[in-house]
Amino acid sequence: SRIELAPQTYPMQRRFTRAYTFHIPHKDVEAFKLVPRLIGRGGRNVKDIEDRTGCAAHVRGKGSGSIAGPRKREAGLPLQLVLSAADAAGLHEGARLWAEVLRSVSGRFAEYCHKSGVGRPPRIYTVAAGSAE
Numbered sequence: 292s293r294i295e296l297a298p299q300t301y302p303m304q305r306r307f308t309r310a311y312t313f314h315i316p317h318k319d320v321e322a323f324k325l326v327p328r329l330i331g332r333g334g335r336n337v338k339d340i341e342d343r344t345g346c347a348a349h350v351r352g353k354g355s356g357s358i359a360g361p362r363k364r365e366a367g368l369p370l371q372l373v374l375s376a377a378d379a380a381g382l383h384e385g386a387r388l389w390a391e392v393l394r395s396v397s398g399r400f401a402e403y404c405h406k407s408g409v410g411r412p413p414r415i416y417t418v419a420a421g422s423a424e
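Per our numbering, the sequence shown runs over residues 292 to 424.
All clues stand as given, with none of them false.
With a straight-line Cα cutoff of 20 Å, these simulated SDA-like cross-link-like pairs (lysine to any residue) come out:
#1 Lys324 x Gly410
#2 Lys338 x Thr308
#3 Lys324 x Val373
#4 Lys318 x Ala401
#5 Lys353 x Ala310
#6 Lys318 x Arg364
#7 Lys363 x His349
#8 Lys353 x Pro316
#9 Lys324 x Ile358
#10 Lys324 x Arg399
#11 Lys353 x Lys363
#12 Lys318 x Arg414
Pairwise CB distance ranges, derived in the manner of DEER restraints:
#13 Lys363 x Arg394: 31 to 37 Å
#14 Arg306 x Gly408: 39 to 45 Å
#15 Pro413 x Ile358: 28 to 34 Å
#16 His405 x Ala377: 36 to 42 Å
#17 Gly367 x Arg394: 27 to 33 Å
#18 Gly408 x Asp339: 32 to 38 Å
#19 Pro316 x Ala380: 35 to 41 Å
#20 Glu402 x Arg306: 34 to 40 Å
#21 Pro412 x Lys338: 26 to 32 Å
#22 Asp378 x Arg332: 27 to 33 Å
#23 Pro316 x Glu391: 24 to 30 Å
#24 Lys363 x Arg387: 33 to 39 Å
Treat the hints as calculated values from the structure; they're not laboratory data.
Keep in mind that this is a model prediction, so the values were computed, not measured.
The beta carbon of each residue, even a glycine, is placed where N, CA and C say it ideally should be.
All chains, full assembly: derive it from the sequences and hints.
The structure is reproduced here in structure tokens:
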């Protein structure tokens, strides 16, 4: 699966953000262990990229395990990886490094689909609406 970085960003509350929405059925998100593969062992991917670029990452939505809000449950939206940085350069560099993680995870998901007989969606993720593509 080819990954294309969005060249544009938009300011949101004095931060620049980009969100990637995943198009994988919830049962496959859990069976494939998508969220742990994204964040890395002990949060290594998140910490490493944030330390190197200042670009924070947060996984939210169905299957994320991220509990928030007054109802103390996952957000009722599709699974997303959300990047946030104080400036456009930090977001761009963070997105470039996350593209490497997403490329690796996409390849592993293709292998998982092949081995388990699961139909693979044409794209496992897209840049979410509101994030410039």
